[in-house]
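Given the structure of chain U, go ahead and fit chain A onto it with the hints provided.
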Amino acid sequence: MSDVEISTTVKRRDFLNGIATAAAVGAGAAIMPKPAQAAVTGLKPHYGMLIDLRRCIGCHACSVSCKAEFDVPLGATRSWVEYVEKGDYPDVSRSFLPRLCNQCSKPACVDVCPTGATWKRKADGVVVVDSDVCIGCKYCLLACPYDARFINPVTGSADKCDFCLHRVEKGLEPACVNACIGDARIFGDLNDPSSKISREIATNPVTVLRPEQGTEPNVYYIAADHSDEYTAAAQGRYVRIDTHRRQQERK
Amino acid sequence: MTSRRNFLKLGAVAATATAAITGTGALTWAKENRIKGGRDYSPTTGKARKAIPSACWQCVSRCPIIGFIEEGRLVKVEGQPNSIRTDGKVCAKAHAGPNQVYDPDRILYPMRRVGKRGEGKWKRVSWDDALTEVAGRLKKLRDDGQPEKFMFHYGRMKASSSKLVGMFLANYGTGTIGNHTSICEGAKWTGQELTWGKHYDNWDFDHTKYVLNLGSNLLEAHTNHTSEAQRLVKALADRRIKMVTFDVRLSNTAAKSTEWVPVKPGTDIAVLLAMSNVVMNEGLYQGEGEAFLSFCRATPNVNASTADKVAALKAHLASYTPEWAEKISGVAADKIRTIAREFATTKPAVLVTYRGLVAHYYGPEGERAAQMLAAITGNIDNPGGRCKAVGAKWKFPSGPKDKPTAKKLKIVDGFKGQAKLPTHHINHQIFNVIKDGSLGRPDVYMWYCYAPVYSNGDCKANAAVMKDETLIPYSVCINPFYDESAALADIILPDATYLERWDWEDMVSPNQVPEHYIRQPLVKPLGEARNFGDVVCDLAERMGFPLGIKNMEDFVEKSCEMTPGVKEAGGFEYMKTHGVWHDPKAKPSYYGYAKPVKAADLAKDGVILDEATSTYWNWKKAKVKTVEDAKAKGYAHTKDAYKTYIGQKIGDKVYKGFKPDKVNKTGYFELYSTVMEDNGFAPMPTYKAIPEHVAMKPDDMILTTFKVNVQTHSRTQNCKWLTEIYHDNPAWINPASAEARNIKEGDRIRVASGIGHIETTARVTPAVAPGVIAIAMHCGHWEYGRYASGKKSPFVKEDIVHDKQMWWKSHGEHPNWIIPNDPDPISGQQRWMDTVVNVSKSVSA
Chain U
8 MSDVEISTTV
18 KRRDFLNGIA
28 TAAAVGAGAA
38 IMPKPAQAAV
48 TGLKPHYGML
58 IDLRRCIGCH
68 ACSVSCKAEF
78 DVPLGATRSW
88 VEYVEKGDYP
98 DVSRSFLPRL
108 CNQCSKPACV
118 DVCPTGATWK
128 RKADGVVVVD
138 SDVCIGCKYC
148 LLACPYDARF
158 INPVTGSADK
168 CDFCLHRVEK
178 GLEPACVNAC
188 IGDARIFGDL
198 NDPSSKISRE
208 IATNPVTVLR
218 PEQGTEPNVY
228 YIAADHSDEY
238 TAAAQGRYVR
248 IDTHRRQQER
258 K
Chain A
170 MTSRRNFLKL
180 GAVAATATAA
190 ITGTGALTWA
200 KENRIKGGRD
210 YSPTTGKARK
220 AIPSACWQCV
230 SRCPIIGFIE
240 EGRLVKVEGQ
250 PNSIRTDGKV
260 CAKAHAGPNQ
270 VYDPDRILYP
280 MRRVGKRGEG
290 KWKRVSWDDA
300 LTEVAGRLKK
310 LRDDGQPEKF
320 MFHYGRMKAS
330 SSKLVGMFLA
340 NYGTGTIGNH
350 TSICEGAKWT
360 GQELTWGKHY
370 DNWDFDHTKY
380 VLNLGSNLLE
390 AHTNHTSEAQ
400 RLVKALADRR
410 IKMVTFDVRL
420 SNTAAKSTEW
430 VPVKPGTDIA
440 VLLAMSNVVM
450 NEGLYQGEGE
460 AFLSFCRATP
470 NVNASTADKV
480 AALKAHLASY
490 TPEWAEKISG
500 VAADKIRTIA
510 REFATTKPAV
520 LVTYRGLVAH
530 YYGPEGERAA
540 QMLAAITGNI
550 DNPGGRCKAV
560 GAKWKFPSGP
570 KDKPTAKKLK
580 IVDGFKGQAK
590 LPTHHINHQI
600 FNVIKDGSLG
610 RPDVYMWYCY
620 APVYSNGDCK
630 ANAAVMKDET
640 LIPYSVCINP
650 FYDESAALAD
660 IILPDATYLE
670 RWDWEDMVSP
680 NQVPEHYIRQ
690 PLVKPLGEAR
700 NFGDVVCDLA
710 ERMGFPLGIK
720 NMEDFVEKSC
730 EMTPGVKEAG
740 GFEYMKTHGV
750 WHDPKAKPSY
760 YGYAKPVKAA
770 DLAKDGVILD
780 EATSTYWNWK
790 KAKVKTVEDA
800 KAKGYAHTKD
810 AYKTYIGQKI
820 GDKVYKGFKP
830 DKVNKTGYFE
840 LYSTVMEDNG
850 FAPMPTYKAI
860 PEHVAMKPDD
870 MILTTFKVNV
880 QTHSRTQNCK
890 WLTEIYHDNP
900 AWINPASAEA
910 RNIKEGDRIR
920 VASGIGHIET
930 TARVTPAVAP
940 GVIAIAMHCG
950 HWEYGRYASG
960 KKSPFVKEDI
970 VHDKQMWWKS
980 HGEHPNWIIP
990 NDPDPISGQQ
1000 RWMDTVVNVS
1010 KSVSA
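Those sequence lines, one after another, are chains U and A. If you use the numbering used here, the first sequence corresponds to residues 8 to 258, in order. If you use the numbering used here, the second sequence corresponds to residues 170 to 1014, in order.
A hint or two may mislead.
[What the hints assert, rightly or not] Here are some chain U residues the structure puts well away from chain A; computed CB gaps all over 12 angstroms: (1) Tyr146; (2) Asp154; (3) Thr210; (4) Glu219; (5) His233.
[Said to hold, decoys possible] Simulated pairs of lysine-lysine, BS3-like, Cα-Cα distance not exceeding 25 angstroms: (6) Lys866(A) x Lys433(A); (7) Lys205(A) x Lys51(U); (8) Lys564(A) x Lys756(A); (9) Lys504(A) x Lys93(U); (10) Lys145(U) x Lys973(A).
It is worth saying that the hints were derived from the structure and are not from the lab. For every residue, glycine included, the Cβ atom is placed at its ideal position computed from N, Cα and C.
Chain U with its partners taken away, still in its complex shape (with noise of 0.2 angstroms):
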């Protein structure tokens, strides 16, 4: 568990630059994030979710609408809420980190599945499994650098969040962003600037986890802390991460 989560700050500058690049030289050459490029396609949706953690208090509303949502397994969370509590008496801070998939652009975990039970759907970006045919080999469980991926111990199958598909596709919002007490998730379509996640992820600052891994999630935040405990034990400070989930230490 040494790998260090570092944060990427998304400028706005940057974006623009970004929408700017793109629209010069064509799709696919975009350095900066995946809506800048999607903006200019203008083709399918490719849904992505914003965390405005200025709006979190760390309830866990979304937390348990999920496992009803989709009557989870205890032990396995497809939805969960990082605390980080962090300083020296008595400047000490708490901070909240929800997580989910990220839905990523370049998911590691579609990469290395042996049977294509799992793929980025063209249609909206949405990373999903097959459980028809998942042979329950683990492979991306290990791949995914966010620790998203369960094993389902009712299907065999490897299970994790898809952005409540069926509650999108019928014109809800997912089951955690219809839940969240301060609005802080925004879900919504990457690819249309005029998007209010667009809109919000091109004026304010945000970041994504562990963008060193190159896989592109499309999962942005506002304010996120993104301390690591063990860098900050190396270093003498105190950063404590409550998962609220089985897996007691982040990955």
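This is chain A only, laid out in the frame that chain U set:
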């Protein structure tokens, strides 16, 4: 069943089909305007789940919800999108509602004890047998002229349940009725009754510009939790308002605040008094505060001028300087000054308080001091301030006309002299009082929505009395679940969970506009569980005094058909379909105290002006014999005269004022209380050191308890989705305190008070003040089913899938074993936060 693969691949087709059916066009959902709740679909079949509006009851906030049914099973609960209270949001506990219904350890049938009490041996009996037995016991007491020997003890019984069960008790004739408020926040309510009358303060976060919080963790737990929490976080994020939280511990609320100010336990009142000192001495009361003083009483003379009031306040507060408060609270004087100035000059500002302030020795004084600071800055019942609560007013059937005069055992207010103003009773003393016996003992002890053994302090003593058949001859538990108290019952009547029953509801609105809503069954009660509201109708019938109400559904239906507004909207049918109703034309309620009293109301028979208090009251309704007697005795000293209050004369006008409740205060906002004075206390809010804290030895620590966001105090630990997140409660200890005791993270530690000790685990964290050990409630159940305690109830014979999935082995430790049941001398509030403990590394470790 459609396979997952088909669903995933057919997704786009299905969406198109939906669009075709609804006619909204496939592009709609691809864009922005997504539906805000109220609908849900099965992730496996894609079929719509049946949606039914109802109301949560995991906690007392009782938020409107939508339940979703799939193949006859309740699978999901979410917020009611049409609720003006919650705006469709509910907390994690509400989302875990289905866990209550399908708890594998539920009690599904009436059970009669067959072994010794507490031995855990039970026999299933029919409802007819059970009720014949209970009604037989009760009827005999009633027929013998001893109805008071039936004690009914309830916890969070609210709204229609409170009314219908109350109707049963009144018609039976017992007044021996216990509640649980003294283990909750009774001191806060007593403090409010002494200042502004009827209790409950709503914090108007939608309009405030500054939040000062002393001892409330409202982002994790509150009696109006989600309604207030969502408004607060939006105020913080959208309007960037400042919030300062004083707490001994960095709660999530403190963490989200602009600033956390650690304070020594039980000394927040010193900070509040010093802030009022700053406000008065620096003239910061001028403006809104000064204007509000005309509605305040601050001197013995009710007709004092504002200048006199200012002088009296300054004189009273003179010694409460920030430097004085610094020595007591550990909060720097400069910090107190700065925050006082900010609070007084940012308009409007809201003062938030809860148990951290009041669950102490002299707890009501903390609330009175808070009320004073809010008053002198003009932040009372104003937009953006601390407002008088507004809730739905239901009309409901009143039951039979001729009721017996209730008789009661005087056992719910503790022992004589324990508290002078127990306006919400002292029920944590009930087992001590029963054991003592000098005030009488009930023959039948029945409890409902309550966990007496677990929820009070000194669990060992509670259990000992509950178990003793010589002290409590017959005990009846009404509960869907087998908790520590049910285990000590003689008979258990299985209640329907809140998701299987009827009720009407009325919780306070955060936006000052009342909302009516109902609870209706999302699924039929499992097994033979029955709503206790139905059971009391049955019991009354069996004892020969029918209530004229068939069951709770009947009561709710009749209430809907007679409540103005609800009735015109369509009554019961409307409520069943929509779940919630509010008057779309209603305006938020503020400044109710400044409304004039109509001349006709003053001219009514029996209404007189009390010269001493300038209060109009009705001597006839107060049952005084003659007007001369009434005038001689006066409003303040006539028993229950407050119930006849009409208005307050201020200058030459008569205002509605701050209507009194529970005590004979005037219609002023009383910063000076003759009620307190008459009971031997200081008339103005006064600091009193906590005796045990004064007597602390250098090594001692102060134990404080708290709640987390995914659990209620005692009744959600059976919910697997919640307890999976929070099942262990290590004790928070500051690194400095830990080092002094050679305690390291994860060490087993011994926490010992005057009544016993517990062993728990140390969580060494800077998020708690030095000298304080903080242990969350919720954990350490020794019953309540497998998820809470690791122990199944006696009613489950076979293993089911739940066992294989449950991965946590630890269930934490319950702090109440070492917290004595100790009343505050004013209100009788249980002093949860005052216990002095010795903390050391566990020897056995």
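Results for each hint:
Distance check on Tyr146(U): its Cβ is at least 19 angstroms (rounded) from any Cβ of chain A, clearing the 12 angstroms threshold; non-interface status holds. At roughly 16 angstroms from the closest C-beta of chain A, the C-beta of Asp154(U) stays outside 12 angstroms, upholding its exclusion from the interface. No beta-carbon of chain A comes within 12 angstroms of the beta-carbon of Thr210(U); the shortest separation is about 15 angstroms. Separation of Glu219(U) from chain A is adequate, the least Cβ-Cβ distance of about 28 angstroms exceeding the 12 angstroms criterion.
Residue placement check: His233(U) keeps its beta carbon more than 12 angstroms from all beta carbons of chain A (closest about 17 angstroms). Taking the CA atoms of Lys866(A) and Lys433(A), the gap is near 16 angstroms; set against the 25 angstroms cutoff, the hint holds. Note on Lys205(A) and Lys51(U): the hinted pairing holds, with a Cα-Cα distance of about 23 angstroms set against a maximum of 25 angstroms. At most 25 angstroms may separate the alpha-carbon atoms for a hinted pair to count; Lys564(A) and Lys756(A) meet this at roughly 21 angstroms.
The hinted pair formed by Lys504(A) and Lys93(U) meets the criterion: a straight-line CA distance of about 23 angstroms does not exceed 25 angstroms. With a C-alpha separation of about 21 angstroms, the suggested pairing of Lys145(U) with Lys973(A) holds against the 25 angstroms cut-off.
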